[in-house]
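Participant: From just these sequences and the hints, can you work out the full model?
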Amino acid sequence: MDDSIQNACAEVQEIADRSGVGFIDVGESIERRLMAQIIRQLRPTKVLEIGTFLGWTSAAIGLLLKQTHESDGFHLTSVDVIDVDSPVNGYWKNLGYIHSPSVLFGRLGLDRNIELVQADSAEYLATTEDTFDFIFIDGHHGADSVYRDIVLSSKRLKAGGVIALHDYDPPEVWFRKPFMAGPFFAVRRILAANPELKLIDARLNSDGNVVRSSCIAILSAK
1 MDDSIQNACA EVQEIADRSG VGFIDVGESI ERRLMAQIIR QLRPTKVLEI
51 GTFLGWTSAA IGLLLKQTHE SDGFHLTSVD VIDVDSPVNG YWKNLGYIHS
101 PSVLFGRLGL DRNIELVQAD SAEYLATTED TFDFIFIDGH HGADSVYRDI
151 VLSSKRLKAG GVIALHDYDP PEVWFRKPFM AGPFFAVRRI LAANPELKLI
201 DARLNSDGNV VRSSCIAILS AK
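Mapped onto my numbering, the consecutive letters of the sequence shown carry residue numbers 1 to 222.
It is worth saying that the hints were derived from the structure and are not from the lab. Note that the structure is a prediction, hence the values are computed from the model and not measured. Be aware that one or more of the hints could be misleading.
Each computed DSS-like pair below joins lysine-lysine, with the alpha-carbon atoms no more than 30 Å apart [to be verified]:
hint	residue 1	residue 2
1	Lys-46	Lys-66
2	Lys-198	Lys-155
3	Lys-66	Lys-177
4	Lys-93	Lys-66
5	Lys-66	Lys-155
6	Lys-93	Lys-158
7	Lys-198	Lys-93
8	Lys-46	Lys-177
9	Lys-46	Lys-198
Label pairs and their calculated CB-CB ranges [as the list claims (entries may be wrong)]:
hint	residue 1	residue 2	range
10	Pro-178	Leu-199	18 to 24 Å
11	Arg-18	Gln-41	23 to 29 Å
12	Ile-98	Gly-160	35 to 41 Å
13	Gln-118	Ile-200	42 to 48 Å
14	Leu-197	Pro-87	40 to 46 Å
15	Ser-19	Arg-40	19 to 25 Å
16	Ser-220	Asp-130	17 to 23 Å
17	Gly-160	Ala-126	30 to 36 Å
Think of the CB as a built atom: it goes at the ideal place given N, C-alpha and C, for glycine as much as any other residue.
Facilitator: This is the structure:
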């Protein structure tokens with residue numbers, strides 16, 4: 001990872017620190033650094049995230065997009081099956097965090113750029129007319145669910161766009177927690193059925209060594 005990517009992540013984390021939202025894991029996480037590299041190279045203006053959860057990844061992507069474009073000329077849609085802002089059932093509330101995703105985005109100056117959608121990912125992808133430059137899949141981790149999300153996402157991807165998946169781990173990592181194996185099997189299945197796609201295995205650094213257990217797979221056209 002070159003110095004410019006690490007510097008970009010450090011600048012984004014500094015913005016988060018100044019806003020008072022606390023640590024959102026931009027600079028230290030290899031996933032966030034990989035995300036920064038994707039955004040720097042792809043320069044997407046329309047992004048889709050499947051699986052909002054606490055909104056931290058949405059916030060990190062939003063800040064990286066704002067930094068890349070040096071303007072508000074981008075839009076991120078984040079889809080989750082529950083109302084992530086709910087003061088009763090939201091993940092943030094149940095896990096004891098201070099800010100809901102929308103409050104987090106507002107404090108970071110991203111409220112005009114990030115749209116939250118409560119919907120099942122399959123229903124959303126099957127009905128939306130929007131297309132996206134970059135799609136990040138981090139929803140339900142069952143193999144069939146991940147496969148479905150990849151297939152439907154590919155239909156909403158602009159030419160030259162990229163799909164990335166979180167928690168793409170090899171068997172030696174997930175054999176102790178098989179509930180996390182879904183992304184691995186889904187990616188293998190999609191590649192077997194779609195030879196026009198290629199996998200950029202972001203688990204590996206330039207020396208070919210595994211960088212850490214929780215990683216990102218990147219799919220794009222050959």
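Participant: Does each hint hold? Answer for all of them.
Facilitator: Hint check results:
1. Note on Lys-46 and Lys-66: the hinted pairing holds, with a Cα-Cα distance of about 12 Å set against a maximum of 30 Å.
2. A C-alpha spacing of about 16 Å is found between Lys-198 and Lys-155, which places the hinted pair at or below 30 Å, so the restraint holds.
3. In summary, the hint linking Lys-66 to Lys-177 is not supported, as the alpha carbons are separated by about 36 Å, beyond the 30 Å threshold.
4. A distance of roughly 28 Å separates the Cα atoms of Lys-93 and Lys-66; the hinted pair therefore holds under the 30 Å criterion.
5. Restraint check for Lys-66 and Lys-155: satisfied, since their Cα atoms lie roughly 26 Å apart, inside the 30 Å limit.
6. Taking the CA atoms of Lys-93 and Lys-158, the gap is near 36 Å; set against the 30 Å cutoff, the hint is violated.
7. Taking the CA atoms of Lys-198 and Lys-93, the gap is about 39 Å. The hint is violated against a cut of 30 Å.
8. Annotation: proposed proximity of Lys-46 to Lys-177 is violated, straight-line Cα distance about 34 Å (limit 30 Å).
9. Between the alpha carbons of Lys-46 and Lys-198 the distance comes to roughly 22 Å, so the proposed pair stays at or under 30 Å and holds.
10. Distance hint for Pro-178 and Leu-199: a CB-CB separation of about 21 Å, consistent with the stated range 18 to 24 Å.
11. As the Cβ distance of Arg-18 to Gln-41 is approximately 27 Å, the hint placing it in 23 to 29 Å holds.
12. Between Ile-98 and Gly-160, the C-beta spacing of about 39 Å keeps the proposed range 35 to 41 Å intact.
13. At about 31 Å, the beta-carbon gap between Gln-118 and Ile-200 misses the expected band of 42 to 48 Å.
14. Our hint of 40 to 46 Å for Leu-197 and Pro-87 holds, since their Cβ atoms are close to 41 Å apart.
15. The beta-carbon spacing between Ser-19 and Arg-40, approximately 22 Å, falls within the hinted interval of 19 to 25 Å.
16. Our hint of 17 to 23 Å for Ser-220 and Asp-130 holds, since their Cβ atoms are close to 19 Å apart.
17. Between Gly-160 and Ala-126 the C-beta distance comes to about 23 Å, which lies outside the given range of 30 to 36 Å.
The structure fails hints 3, 6, 7, 8, 13 and 17 (numbered hints given earlier, in ascending order).
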